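Student: Listed here are the chains, written in short residue letters.
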Amino acid sequence: MPHKTFFWFFFPSGLAMLLFIGLPIISSFFQSLHIEPEQILMEVEKCDPFGCKTETKVDIEATTKLQEEQPLGRFNGLGTYGDRNHLAFEEIKEAWSNSSSIGEFTDILLNLPFYKALLFTLTFCFAVTPPVVILGFIVALSINTITKSLKGPTIFGVILPMIVTPLIGSLVLFWMIDAKGILGATIQYLFDDPNLSLKSSSQLTWITLIIYGIWHNTPFAFVVFYAALQTVPQDPIEAAIIDGASRYDRVRHIVIPHLYPVATFIILICLMDNFRVLEPIIGFAAEGVAQSLSWMIYNDLRSENKMLFGSAGATSMLTIIGVAFLLTPVLIRTWREFRTER
Amino acid sequence: MESKINRYSKQLILINSLFILVWLVISVFPFIWTFWGSFKVKADFFSRADWMFAVTGVNTLIETGDTSTVKAYVESWTEGEFWKATMNTIIITVSVVTISLFLGTLGAYALSRSTYKYTFWILIAALIFRAMPHITLVSGYLFPFFQLNVWGILPTTIIVLVAINQPFTLWLLYSFFKTVPKELDESALIDGCSYFQAFRYVIMPVMWPGVVTAGLFSMMLAYNDFTVTSLLLNQQNYTMVPKINAYLGTIEHSGNYMWAVSSVVSATAPLFMIIMFFQRQLISGLTAGAVKG
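Chains as they are written, first to last, in the working numbering: chain A, 13 to 354; chain B, 300 to 592.
Honestly, the hints are just simulated from the structure, not real lab data.
Quick caveat, the model's predicted, so the values are computed rather than measured.
The hints are all genuine.
For the chain A half of the interface with chain B, some residues (derived, Cβ under 10 Å), not all of them: (1) Gln43; (2) Leu147; (3) Ile150; (4) Thr166; (5) Phe168; (6) Val170; (7) Ile175; (8) Val176; (9) Ala191; (10) Gly295; (11) Asp312; (12) Met319; (13) Ala324; (14) Leu343; (15) Thr346.
For glycine and all other residues, C-beta sits at the position ideal for the given N, C-alpha and C.
Generate the whole structure from the sequences, applying the supplied hints.
Tutor: Right under this line is the structure:
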């Protein structure tokens with residue numbers, strides 16, 4: 013295909029991506045270098061019969077004027093990145109010199125908003141992914157063995173948690189886990205503790221969120237494994253049966269090695285998707301104890317009258333750096349695939 | 300494909316069936332429960348006394364005179380203006396699917412037929428774009444959109460969703476176009492077709508399975524989106540998912556809580572219907588990038 017034809021075919025799609033994915037990233041970065049303008053204060057002298065007092069007041073007129081002149085706020089360089097809500101260099105330095113043990117230091121560190129969110133995001137990513145891969149594999153193996161006529165409806169049932177949007181999925185579970193819902197009440201009954209609630213402690217909330225993550229992501233792993241199972245060669249399996257290999261041995265030594273590349277694909281996609289976890293936190297109303305990086309950005313942008321563009325931009329940039337780390341293996345894999353294709 | 304030697308023992312079949320049954324319950328029961336509960340009043344669905352109330356509907360009987368009620372549905376659709384959210388969702392979903400398929404098929408066709416090296420770099424860039432968390436993009440949109448005064452309206456959101464959706468659509472359609480033999484459009488070109496004619500009259504007619512799959516994924520993205528719609532639309536233009544979240548924001552009004560429950564059912568039911576029909580396409584799309592041997 014000549015360059016010119018290619019250009020016109022690709023132009024609309026490329027333009028859309030450039031304008032609405034490429035530019036926003038740059039815009040985010042630009043925003044992160046600025047900070048909301050300070051309110052301009054003025055001193056007003058108020059005199060009454062008992063004497064004069066000076067008061068400081070917000071000069072609304074001047075503040076609005078400044079906002080109109082510099083809608084993005086004033087230039088702050090990389091200042092926002094280092095402040096308390098982001099990388100918090102000062103606080104860390106202080107904590108390092110003041111705390112007597114490593115434990116105390118990590119305590120202080122993990123109470124800083126950014127590190128707290130990072131800890132949750134990473135915990136969520138790495139706690140959800142392994143069970144998803146293992147469960148997805150087991151479900152795929154067992155559905156692969158059932159009668160053909162039952163497969164369609166069964167697969168439909170199993171993929172439902174993946175189809176609904178995370179917000180709705182988490183709400184549906186949240187209503188059941190609620191102390192007044194069916195699961196919550198049953199758990200209270202089982203542990204004989206009427207005050208037990210999955211919302212009561214931060215550990216329990218984290219566990220609930222992780223269980224939700226597994227519930228939501230397993231269907232994806234299942235579907236991919238299921239499709240891959242259809243491509244497992246039958247000849248070696250039959251040869252293994254003749255040689256007397258048990259079912260377990262066949263799965264362990266023939267099926268699993270065949271599925272390794274697929275498993276790495278699932279792990280990478282799962283890590284990348286869960287790194288942006290946001291909706292479950294809102295659905296489970298877990299903002300108090302579990303904040304993710306995405307949630308921090310969402311929180312900065314939520315209020316309609318005072319959006320913290322600078323802060324949101326800085327967190328976005330830091331999140332993108334995190335994504336870049338997770339993305340590198342995917343890119344290397346794709347690059348290798350392309351090279352072998354040619 | 301099952302050979303006779305590979306027969307399953309009775310215990311294995313039993314354990315297997317049991318496991319599938321348990322897993323099905325885990326996957327499906329929450330939705331059945333919510334569906335059932337949406338016809339009850341709040342005092343039953345969130346019963347302090349006994350969760351069995353949600354099944355029997357004791358308080359529903361006391362409050363409405365029957366064991367099930369459609370009050371929450373009627374109220375949320377009329378008073379809660381869920382009809383408006385539904386309309387918005389339909390407008391956004393249909394537009395996003397149409398536009399992103401149009402742009403996506405053109406782009407992916409070009410990528411699959413060009414032999415130059417830059418196609419590789421474009422695909423890599425698309426992969427990087429696909430990995431960007433949507434919320435980081437939204438944080439980049441808000442300020443310029445406010446300045447240009449295009450925040451809060453449907454067209455902006457549609458274009459944004461189309462763009463966010465492009466990388467995935469491109470990759471998916473690219474892998475489908477690769478399966479269409481090159482000889483097909485080459486012979487059309489020799490016969491005197493332009494590239495566009497070859498694309499339109501020769502390739503597209505055999506591409507429908509791929510287009511349906513890509514359309515299904517665009518639909519799910521637009522229909523399910525929360526991050527973009529909740530931050531880029533104003534309250535009046537909310538689609539279903541942010542609307543449901545908005546109902547929850549006012550928990551104090553106990554009626555509203557059941558609005559959210561019934562709206563969850565209203566929002567998921569059509570989606571499940573569509574997936575029931577297009578399950579095969581969905582699965583083929585999910586596995587397009589993963590299984591290559």
